[in-house]
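Asker: Residue strings, one per chain:
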Amino acid sequence: MLPAMRADDPFLDRYAHGTRAMTASEIRALFAVASRPEVVSLAGGMPFTAALPFDIIGEVVAEVLAREGAASLQYLGGQGDPRLREALVELMTYEGIHASEGEIIVTAGSQQALDLLARMFCDPGDVIVAEGPSYVGALSAFSQYQVEVRHVRLDDEGLDPEALSEALDRLGREGKRVKFIYTVPNYHNPAGVTMNAERRLRVLDLARRHNILIVEDNPYGRLGFERDPPPALRADDAENVVYLGSLSKVFCPGLRIGWALVPPALRERMILVKEAADLCSSSFAQSVAYRYFAHYPWRETLKALRDVYRERRDAMLDALDEEFPAGARWSRPQGGFYVWLELPEQLDARAMLAKAIAARVAYVPGGAFYADGQGGSQVRLSYCFPAPDRIREGVRRLAGVVVEELDLIRALGGVPKMARAVDDSPSTGWGGVQ
Amino acid sequence: MSFECSIAVIAGGLSFEREVSLRSGRRVADALRERGYGVAELDADDQLVESLRTGGFDAAFVAMHGRFGEDGTVAALLELLGLPYTGSAFDASRLAFDKLAAKAVLGRAGISVPAAIPVAEGALRELGMGTLLERAMDELGLPVVVKPNRGGSALGVRLVDRADQLSAALMSSFGYDDTVLLERYVAGTELALSIVDGLAPLPAVEIRPKEGWYDFAARYTHGAVDFRVPAELEPDVATGCLEIAKSAHIALGCRDLSRADAVLDSNGVCWVLEVNTGPGLTSTSLVPMAADAAGISFADLTAHLTNRAIARRPR
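Just so you know, the sequences run in chain order A and B.
For the first sequence, position 23 (counting from the first letter as 1) is numbered 23 according to my numbering, and the numbering increases by one without interruption.
For the second sequence, position 153 (counting from the first letter as 1) is numbered 587 according to my numbering, and the numbering increases by one without interruption.
The following block holds chain B by itself, in its conformation from the complex:
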C-alpha cells in the first residue's frame, strides 16, 4: 500500500507526561490513518533520530508533552534534520515552557499574568532562601499556588492554603523541576482557550471540577470535571478572552497550535496562567473538545495541523 504522505508521530519520551503523550500520539496516529496518511508511531528514545533519518517521512507530528518535547528539544532536532513538523519552533516552545520567562514576555505585551516568585532549589540549599519564604507568602497572600517552573498536566502543582503546608508542597514540586514558582492564586472561572492557526477561533472551554481543583487526576479521569463548551460567558467577554489568548500566542511566537490556561476573575480580568505549545490531544483533552464544539472532528484537526507542517516542506 502506498500513501501520498508519510507522517512520523512522535510521542512518549522520558518526560513525566510520557503516559499522556502516548495517549495523544496514539489518537493522532489513528486519526491520520483514518485520513489516509501513512503513519509511523515513534517513541522519543535513542533510536528517534535514526528512525527519522531513514524513515522517508514527509513531516512529523509532535505529540510530546513536557520535557524533551514541549520544551522545544524535539523541534530543534527536527529543524536540523530538515523535516517539517507540527507546532511551535524551538524558541517559542522553550519560552512558553519556562513559565517565569513566559510571564515576563506576556506581561510586557499587556496581558495580565498572576504575580509569581521563583524559588530555586539551589537558593534554598546554598543561599539560605528558606528564611525568606514567609515574606514571599506575605507578598502573594494565601492561598498560593506552588508549581514547577517547567512542567505540565498539573504534575507537582499544589494549592497551599496555610503557611505550614508550604514546605511539603515545595518538596512535591521540586520533584518535577529545580525551580518552583509561588504564584498568586486567582479565583474565578477556569478557561481553556485554544488557538489553531488557520482556523476560525475555537470556543472557550469552561472547566468546573466536581471536587477540589483541576489537578492531574481531574484532568485524566473521565467525568471528574464538568466542561461547558462554549463557556457560559457573555459573547463579548468570551471573544475578549479568546483575543487575549491570540495575543499571547503571538507574543510568545507560537505556531500552529497553542492552548492558554486562564482564569476570568470577578472583575472581568482574564488572567493567563500559562500557554501550552504542546497541548494534550487525548480523549479528555481540551483542544479537541473545543474543536469538536466548533464542528471540527479530531481527524480534521490533526489533518489540518499536519497539512500546515507539510506545506512548510522545503521546495
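Okay, chain A solo, but in the shape it has when bound:
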C-alpha cells in the first residue's frame, strides 16, 4: 500500500480567500460548555424574548394570514414592504430623524446591512475605521471582504473625535482608501457607552471634511434606561450617513428585520445588491412587524423591555461594585445590553476563560472586539438574558476567578504581556456572538 496524502476536505483548495481564515478555535469549544444551564452566561447578547407579549404576537400573526392571505406569503420587492417602511420612518422620528419610506431598505437584521455595505464598498485591502472595541459581528462581516479595520479609541463619552482626526490624517498619509467610518453611537456593543451630542457633530464634520461615509449602527437606541440618547448622527446629515436600525432589540430578533436608511445616491445600488443577495427579506415577517408597529401598543412592550433590562443592568453594576477587586474598572451603561470590564492589565481574559467556565460563568474576552489583537485584559459582560439573581451569582463567581488569577500571577512573579499566546484570529472565530 502506498502512503496516501489524506484529503479530509475535498473542497479545500477551492474556498474563497475570505473564508480561509475560519478555523476551529479553543474559545468556541469553551462556549459549547457555556451554553449549559449550570453556567451563568454573561457572554451572549441574546434579547430576553420571554418578555415579549406572546398573546399579541399570536393575534398579529393570525391577522396577517386572515387579512393578507396568500400575498403575505409571496415574494416582495427587494426594498421591502412599503407599509413597514412607513412604520420605521415613524420609529426613527424618536431619534430626531426625518426621512421618507423611499429612503429605507429592509434587510435581514442590520447584520445583513453590514454585509451588503461591505460588499458594495470594499475591495481587499480597503480600510474601515471603527471604534476600538467594535461590534464583533461587524468585524466578522467586514473580514469576509478582506478589509483592514483601523480602530479608534473610545471613552466614556463615545468615539473620541481627536483620535478619529489623527487616524484619518494618518491613513491619508499612508495613502489608504478609507471606505467608511463604522460607529455604534448608542449604548455601544461592547463598550456600553454613548457618544455625547457635541462629539456627534464633530464626527460628522470630520467625515465630511475627509469625504468619508459614516455607517451609524443603532440597534440599542430605544433602550435608554434613564433618558433617550442624543439625536442620531443621521438627524444632522442626510447626505453622508447610512443609518442602520433593527427591530431585534425592541421586538423579535427571530423575525430578522433590520433596515438601512441610505442617502439617495446609494439607494438604487444597495437595492440591487440586496436583491442579488436574497431577493427580499421575509414578506411574512415584514407584514407581522408592520401590523405590530402600526396597530398595537408597542410602546408598552418597549417600556416593559426597558424595565427588564434596567433591573438587570442594576444587578450587574451593584454586583461589580460589591464583588470586584481593586484594579478593575467598568463602564456604567445608560441603556443597551453590555458592560465593558477592564481587568488589571496583567490578566489575560482569553487565557482566563477556561477557569471561569470551570467556575460556571462565561463572558466574551475583549480580544473578540478588535481586529488587531488589542483587548487582552478586557471583557464584555452581557446582562440582557440571565435573571438578576443569576447575574449577581455570575459576577460573584467571576470576581472569585479574577482574585485567584491575580494571586497566581503574584506567585509566578508576574506575566510579561508580550509573551501571551494568541491562539485565534481575532475577528473570524466568533460566529454566533452577537
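Hint data in this document are derived by calculation from the structure and do not stem from the laboratory.
Note that the Cβ used here is the ideal one computed from N, Cα and C, for glycine as well.
It is possible that some hints are incorrect.
[As the list claims (entries may be wrong)] Straight-line C-alpha distance at most 25 Å; calculated DMTMM-like pairs for lysine to aspartate or glutamate:
| no. | chain 1 | residue 1 | chain 2 | residue 2 |
| --- | --- | --- | --- | --- |
| 1 | A | K303 | A | E59 |
| 2 | B | K644 | A | D13 |
| 3 | A | K176 | A | E166 |
| 4 | A | K176 | A | D126 |
| 5 | B | K644 | A | D372 |
| 6 | B | K644 | B | E624 |
[Claimed, not checked] Over the 10 Å line for every Cβ pair with chain B, so calculated as not near, a few chain A residues:
| no. | residue |
| --- | --- |
| 7 | A71 |
| 8 | Y75 |
| 9 | G77 |
| 10 | T93 |
| 11 | F121 |
| 12 | R170 |
| 13 | R177 |
| 14 | R267 |
| 15 | R269 |
| 16 | E322 |
| 17 | Q334 |
[Claimed, not checked] Just a sample of chain A residues kept apart from chain B, beta carbon distances all over 10 Å, derived:
| no. | residue |
| --- | --- |
| 18 | G58 |
| 19 | A99 |
| 20 | D126 |
| 21 | E174 |
| 22 | G175 |
| 23 | G224 |
| 24 | E239 |
| 25 | E275 |
| 26 | A277 |
| 27 | A294 |
| 28 | L302 |
| 29 | D321 |
| 30 | P344 |
Go by the hints and put chain B onto chain A.
Answerer: Then chain B, alone, in the frame of chain A:
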C-alpha cells in the same frame, strides 16, 4: 419499529471537550442507526442516570472526551448500573487520563516517555514554587511543552520557546487543570497509533501540520494538517511503533480502544506522549482515519466496539 439492540450513545457533558464529544456522539449515533441499532443520544447531564436506568438499553457507547468521560467517571457509573459499555473501565481510564501517573506506569513497562515535571497551582500559591521554575526549565531544556496534567484535544497546551513565555503558558494551562506538566519537547515524526481490540493492527497515521504544531485549531479544522495514512515509515519501524502502542494499551489496562500519541525521533526512538482511552471519533479524528485506511468503515468500527460491549452483558 423494534430493534434487536438498543444503545445509549453518551456524549457532551460539562467537559471542555463537550463540543468535540457531541460531534463524536452524533457521528457514532448515525453510524449505529445505519447498522440497524436502536439509538438514543444522551447528554451527560443530571438526567443521565435516570435516562440510563429507565431506557431499557442493552449497552452504552461512551463518546465522551475529557473530564467526566475519559477520566472514568461515566464508566464507574455504568458499572454500578450494570450496563455494559464500550471502552476502558474506570481504573484504566482514570490512570491514562492522569498523564503523570500514566507516564510512571508506561516507564516501568519499558516504554519511552518524555521527562516531565509537575507544577501544581497550590505549590505555586502556597509553597513558593515559582522560584524553582527556572531550574525546571534548565533540567528539561527549551523548548518545553506546557500541558494540563488531565485534559485532551491539546486544550491549554502551549509550546514554550523562551523562558519569558513560561508564566503566560502556565496561566493558560491552569485554566484546564490545577496541575500542569512541563514536558521535554521531542522533535520528530508525529504519529497517532490506534489500537482496537479484536481487529488486526490499524495503520499508523502521520501528522504533518501545515503551520505551527498540532494544536486545537489544527485538530478540528479541515485541511489544516496533512495526514499520511499509513505513515511514511519503513514497514518494520511502523510495526515497531504499533507494538509499542499495543504494549502501552496493555500496560495501562485499556480495553476495546485506545490511541497513543507518539513522536518518532531521529534516533528511531518512539516516545509515547499520552494514551487516550476516549479518542475522538469526529470526521477529522485519527482513529476513524486509521480504520478507513485499513478498509474498515466508520459504521463497521462503531458496530465492532458496540458488539464487544454487548458481549459483556451479564448472562
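Asker: Hinted pair, alpha-carbon criterion (25 Å max): K644 of chain B, D372 of chain A. Please report holds or violated.
Answerer: Cα-Cα ~24 Å, so holds.
Asker: Beyond 10 Å from every chain B Cβ: check whether that's true for E275 of chain A.
Answerer: holds, 33 Å
Asker: Find the nearest Cβ of chain B to the Cβ of Y75 of chain A and say whether that gap is larger than 10 Å.
Answerer: holds, 35 Å
Asker: In terms of Cβ atoms, is chain B entirely out of 10 Å range of E322 of chain A?
Answerer: The claim stands: E322 of chain A keeps its Cβ more than 10 Å from every Cβ of chain B (closest is about 25 Å).
Asker: Given the hinted pair K303 of chain A and E59 of chain A, is their Cα-Cα distance within 25 Å?
Answerer: holds, 20 Å
Asker: Against chain B, does G175 of chain A hold up as non-interface, every C-beta pair farther apart than 10 Å?
Answerer: Since the minimum Cβ distance to chain B is about 31 Å, G175 of chain A lies beyond 10 Å and the statement holds.
Asker: Minimum Cβ separation between G77 of chain A and chain B greater than 10 Å?
Answerer: holds, 39 Å
Asker: Run the C-beta distances from L302 of chain A to all of chain B and say if the shortest one exceeds 10 Å.
Answerer: Holds, since 36 Å exceeds 10 Å.
Asker: Confirm or reject the statement that R170 of chain A sits farther than 10 Å, beta carbon to beta carbon, from all of chain B.
Answerer: holds, 31 Å
Asker: So Q334 of chain A supposedly isn't at the interface. Is its beta-carbon more than 10 Å from every beta-carbon in chain B?
Answerer: Answer for Q334 of chain A: holds, closest chain B Cβ roughly 34 Å.
Asker: With 10 Å as the threshold, tell me whether D321 of chain A passes as away from chain B on beta-carbon distances.
Answerer: The claim holds: D321 of chain A sits with its nearest Cβ about 27 Å from chain B, beyond 10 Å.
Asker: Would the hint linking K644 of chain B and D13 of chain A be met if the CA-CA limit is 25 Å?
Answerer: OK: K644 of chain B and D13 of chain A at ~14 Å, within 25 Å.
This entry satisfies every hint, going by the numbered hints stated previously.
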